[in-house]
Amino acid sequence: MRKNKSDLNQQSLPNSSSEPHVSQEDQELIDQLMLSFQQMDQVIPHSTAPHVGHLEQLITEQKLAVRRRNQLELLCFFLVALVLIGGNTLLVMTSWTAFGIFQGVTLMAALGFLFGSYVRRKKKGDVRHAK
Amino acid sequence: MPSEYYHPIPWWVVVLIAIIMMMQSFWLFTDARRREKNRWFWGIWGLIQFPMPILFYSLFHIYLPHRKSKSKRDPS
Numbered sequence: 001m002r003k004n005k006s007d008l009n010q011q012s013l014p015n016s017s018s019e020p021h022v023s024q025e026d027q028e029l030i031d032q033l034m035l036s037f038q039q040m041d042q043v044i045p046h047s048t049a050p051h052v053g054h055l056e057q058l059i060t061e062q063k064l065a066v067r068r069r070n071q072l073e074l075l076c077f078f079l080v081a082l083v084l085i086g087g088n089t090l091l092v093m094t095s096w097t098a099f100g101i102f103q104g105v106t107l108m109a110a111l112g113f114l115f116g117s118y119v120r121r122k123k124k125g126d127v128r129h130a131k
Numbered sequence: 001m002p003s004e005y006y007h008p009i010p011w012w013v014v015v016l017i018a019i020i021m022m023m024q025s026f027w028l029f030t031d032a033r034r035r036e037k038n039r040w041f042w043g044i045w046g047l048i049q050f051p052m053p054i055l056f057y058s059l060f061h062i063y064l065p066h067r068k069s070k071s072k073r074d075p076s
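As given, the protein sequences belong to chains A and B, one line each in that order. Residue 73 in my numbering sits at position 73 of the first sequence; the count goes up by one each step and never skips. Residue 46 in my numbering sits at position 46 of the second sequence; the count goes up by one each step and never skips.
Hint data in this document are derived by calculation from the structure and do not stem from the laboratory. Keep in mind that a hint or two might mislead.
Selected chain A positions facing chain B (Cβ under 10 Å, derived; list incomplete) [claimed, not checked]:
1) 70
2) 86
3) 89
4) 107
5) 113
6) 114
Chain A stretches covered by chain B per the calculated footprint, using a threshold of three residues with CB under 8 Å from any CB of chain B [stated by the list, open to error]:
7) 31 to 40
8) 75 to 84
Here a beta-carbon is modelled for each residue, glycine too, at the ideal position from N, C-alpha and C.
Model the full structure from these sequences, guided by the hints.
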């Protein structure tokens, strides 16, 4: 079997160096393929590389959108800040006890949230090194 | 409102505390947004208390990661 393969290779070598022989059937297939390629070229528009100016404009638009979103978020945060600071001031003027309880509960909740997120991150596996 | 249920605070104290809270919470909010670390949590906590949020934020998101990366760079 191995011998046969090597014989075949030796026979094919001189053929590969000379002009390849194409049968009539193969030629028809190649012609058909080339015709199809030409038709495909006509149907599919040629993709051209995007212009640098267009890309720069896209980047500028994206930056502007991000900045606008950040400003809106900051405005929302400012409104929340007004409500919270106003509420806290009212609370401290009304009752020191209620204010103290609120502060204690907030501290406990915040520490609980921090601890919980730390435990969750540990369970999940800290993959910061992979970044 | 009866006087025993109302404890007036000087206006300048209220303004001073409000400014401190605002500055702290805005810094926490923007920095946490930059580092992608629960910006609303840090911002809202920064509006309620001082100086616990800024201390914990500095510890958890600035000091400890900095020390960790430093020890990774220089193991000795």
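Cross-check of the supplied hints:
Interface hint at residue 70(A): satisfied, since its Cβ lies 7 Å from the closest Cβ of chain B, which is below the 10 Å cut-off. About 9 Å separates the beta-carbon of residue 86(A) from the nearest beta-carbon of chain B, less than 10 Å, and the hint is met. Here the hint on residue 89(A) is kept, as its CB sits about 6 Å from the closest CB of chain B, short of 10 Å. A distance limit of 10 Å between C-beta atoms decides the matter here; for residue 107(A) the minimum to chain B is near 6 Å, and the interface restraint holds.
For residue 113(A), the shortest C-beta to C-beta distance to chain B is roughly 7 Å, which falls under 10 Å, so the interface hint holds. Look at residue 114(A): its Cβ gets to within about 7 Å of chain B, closer than 10 Å, so that hint holds up. A count of 0 residues in the stretch 31 to 40 of chain A with a Cβ less than 8 Å from any Cβ of chain B is obtained; the coverage claim is therefore unmet, three being the minimum. Counting residues of the stretch 75 to 84 of chain A whose CB lies closer than 8 Å to any CB of chain B gives 4, so the stated coverage by that chain holds, three being the minimum.
When each numbered hint is compared with the structure, a violation occurs for hint 7 only.
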